[in-house]
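*Asks:* This is what each chain is made of:
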Amino acid sequence: MSSEGLVLATAVGLFAIGSVGALLHRHPVAMLMSIEVMLNAANLLIVLGARVRGLADAESAALIVLVLAAAEAVIGLGLALALFRRKLVPDIDEAAEVRG
Amino acid sequence: MMGLLAWAWVFTLPGLVLTALGVPRDRRYAGYASLAGPVVLLVVAVVALLGGGSSSVAFENWLPFLPDGAYRALADELSALMLAILGFVAAVVYVYSLGYMADDPGKRRFFVYLDLFVASMALLVLAGNLAVLLIGWTGVGISSFLLISFWRDRPGTLSAGLQALAANAVGDGALLLAASIVPTGCGPLVTLSTQQCAAGPGGAELLALLLFIAAAAKSAQGPLYFWLPNAMAGPTPISALIHAATMVAAGVYVLVRTHALLELAPQVSLAIAIIGTATAIAASLASVFQANFKKGIAYSTIAQLGYMFAGVGVGAPFTGLFHLFTHASFKALLFLAAGIVIHGAGGRESLAELRGLGRFFAFSLWGFLIGSLALIGTPLVTAGSFSKDAIIDAALANQPVIGWILLLGVTMTGLYIGRLFGIVYLAPAADQHAVHHDPSAERPMNWSIVPLMLGSIVLGYLGNWLRTVLSGPLGPMEPLPPVPNLTGGLAFTLGALGFVVAVWYVRRPEYAAAPGETSYRADAWVRAIADAGYAASASLSRIQSGVLTRYVFGSVVAVAAILLIRVSLR
Chain A
7 MSSEGLVLAT AVGLFAIGSV GALLHRHPVA MLMSIEVMLN AANLLIVLGA
57 RVRGLADAES AALIVLVLAA AEAVIGLGLA LALFRRKLVP DIDEAAEVRG
Chain B
19 MMGLLAWAWV FTLPGLVLTA LGVPRDRRYA GYASLAGPVV LLVVAVVALL
69 GGGSSSVAFE NWLPFLPDGA YRALADELSA LMLAILGFVA AVVYVYSLGY
119 MADDPGKRRF FVYLDLFVAS MALLVLAGNL AVLLIGWTGV GISSFLLISF
169 WRDRPGTLSA GLQALAANAV GDGALLLAAS IVPTGCGPLV TLSTQQCAAG
219 PGGAELLALL LFIAAAAKSA QGPLYFWLPN AMAGPTPISA LIHAATMVAA
269 GVYVLVRTHA LLELAPQVSL AIAIIGTATA IAASLASVFQ ANFKKGIAYS
319 TIAQLGYMFA GVGVGAPFTG LFHLFTHASF KALLFLAAGI VIHGAGGRES
369 LAELRGLGRF FAFSLWGFLI GSLALIGTPL VTAGSFSKDA IIDAALANQP
419 VIGWILLLGV TMTGLYIGRL FGIVYLAPAA DQHAVHHDPS AERPMNWSIV
469 PLMLGSIVLG YLGNWLRTVL SGPLGPMEPL PPVPNLTGGL AFTLGALGFV
519 VAVWYVRRPE YAAAPGETSY RADAWVRAIA DAGYAASASL SRIQSGVLTR
569 YVFGSVVAVA AILLIRVSLR
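Those sequence lines, one after another, are chains A and B. Heads up, the first sequence is in the working numbering, so the first residue is 7 and it goes up one at a time. Heads up, the second sequence is in the working numbering, so the first residue is 19 and it goes up one at a time.
Think of the hints as simulated: they come from the structure by calculation, not from any bench. Keep in mind that a hint or two might mislead.
Claimed, not checked - A partial selection of chain A residues facing chain B, derived with a Cβ cut-off under 8 Å: (1) Ser25; (2) Ala28; (3) Leu29; (4) Arg32; (5) Ile98; (6) Asp99; (7) Ala102.
Fair warning: this is a prediction, and the values are worked out from it, not measured in the lab. From the three backbone atoms N, C-alpha and C, an ideal C-beta is built for every residue, glycine too.
Whole structure, please, built from the sequences with the hints as guidance.
*Replies:* Below, the structure is given as structure tokens:
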């Protein structure tokens, strides 16, 4: 397997792990971590693409994604903390109050 | 004269300032300072129309954030015709309002708003590019709102005005989008059909579609019809000027002005024809079930605008414009004649209360009769026949199905206008004591509708002359059918049949016993549609459960589905 193929397979694997984690976990912090994993998989793909095509400015997009992920983690953790304070149960489904 | 006409939107501004400053001081003469504006507008427009030629004004780079942000005004034969219609109806309505609003404490404010409306409408008509058109477009929307909500303390007027604003906002948005996507150097409104304009994103289709949405909002077509019947909360002269003759016709005007662009987008043209026809039929049907006199006429306006849209849509823009021209006269006549009865009955508008009261107002009776005959299209003696038959003829030639629907729809026209005429003017009076004659207020109202009566009779004969005059700005136009002709005769027969049946039906004593009996049957249809909407949203809102894991699952499935579709379509 070529090195590109290896990186590609890693990215796909990471994304699958992340999405399954986001689907199965009910703890908000665990869900956030899964989303981070998915973001990193996407980032890996961006860097790989930039490498293969030889585009330097595409690699800078990966940096933007990193910043975005950090911001998202800050807001997400804040939300998770607020939720825990109000409900005292670290379960995202118990917190549902909307009645459609 | 065209050079002067290019500044026509300034004509009513001196009157606006004087009236707003309280000139003349005597309250009985409030509004007299505004009277000159529309008359000057009418005279200049007619002289310019007879003289021909064109004139334009341009200030470059006036709104630098738009692709074509110059101030461009264009006065040609088409704008002159529209301004002549505006000046004619506005002059009549100003004089009429002196009587109608005589005892109103807000008379000065009323005339100030009227002046503002005429100025914005003139700017709309003179617009040489989309940016200026947008300013006029919004201006008439705002003055329309101010005048619909004129009686601020009456319940329902504010919400009616806000509905008009909301519907117009849809059109304004579409127009703003159109103004933003036309490429630089695309040229003025008349040449929106150039290669360069069609090169914008979405091509000619998107541009034509945006203009159509804007026109539909202004002219109350299709789903955007809802504001016009409610706009009847405003004073009757407003209904005649803004919501029958001029502003609601602005949509038709814009489509006629840019008809070359529509020819590049045949699908949009077809959509215009279909929506116009559907609106014409649905609005005629709705009019038959109205319990309010003015709303009955308002639905008739929507239906007639539908006929104009259909004319433009089947590729005969001149017939649409011609119908706009004659319709302005006879629909304003119908409204103003109705207003005389409403004023005499102390502001009552419901058909049950007005039953039989029309017979005490001779001018109103004859005005409404002439207006009704013109609406049905009585051959030779009324203007409506010339233009409406031209639309039906063009539709039969280009889109036969639409043509036949429009032709049969004239039966409905006869039914609804015959019903209104029968109830208000021919039925035995329900309550004679409700009538109060006030000669000093009635005199200006009575005499001001006489020009409209004459217009409703003779204006149709100008058709072929207009066609020659307008061949400059519009290019060669389709010929008008000879009058009388077979289609016209057939349409009139159907309409007259409907008229007679309706008059017979509403004059029966049993109808008077339960005048509101049929009033809400149309509402049942509307309610059924609303109920269907509620049921759909109730079942769909169950998806919004608040359970985050379900949301995540839904997103993952959706993304997977999109990817699968993309891959399989490759």
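*Asks:* Now look at each hint and say whether the structure bears it out.
*Replies:* Now the hints, each set against the structure:
1. Ser25: 6 Å, holds
2. Ala28: Since chain B brings a Cβ to about 5 Å from Ala28/A, closer than 8 Å, the hint holds.
3. Leu29: This interface hint holds because 6 Å falls under the 8 Å limit.
4. Arg32: Arg32/A check passes; min Cβ-Cβ to chain B is 6 Å, inside 8 Å.
5. Ile98: The hint holds - Ile98/A has a Cβ within 8 Å of chain B, the shortest such distance being about 5 Å.
6. Asp99: It holds, given that the least Cβ distance between Asp99/A and chain B is near 5 Å, below 8 Å.
7. Ala102: At 4 Å from the nearest chain B Cβ, Ala102/A passes the 8 Å test, so the hint holds.
Every hint, counting from the list given before, is met by this structure.
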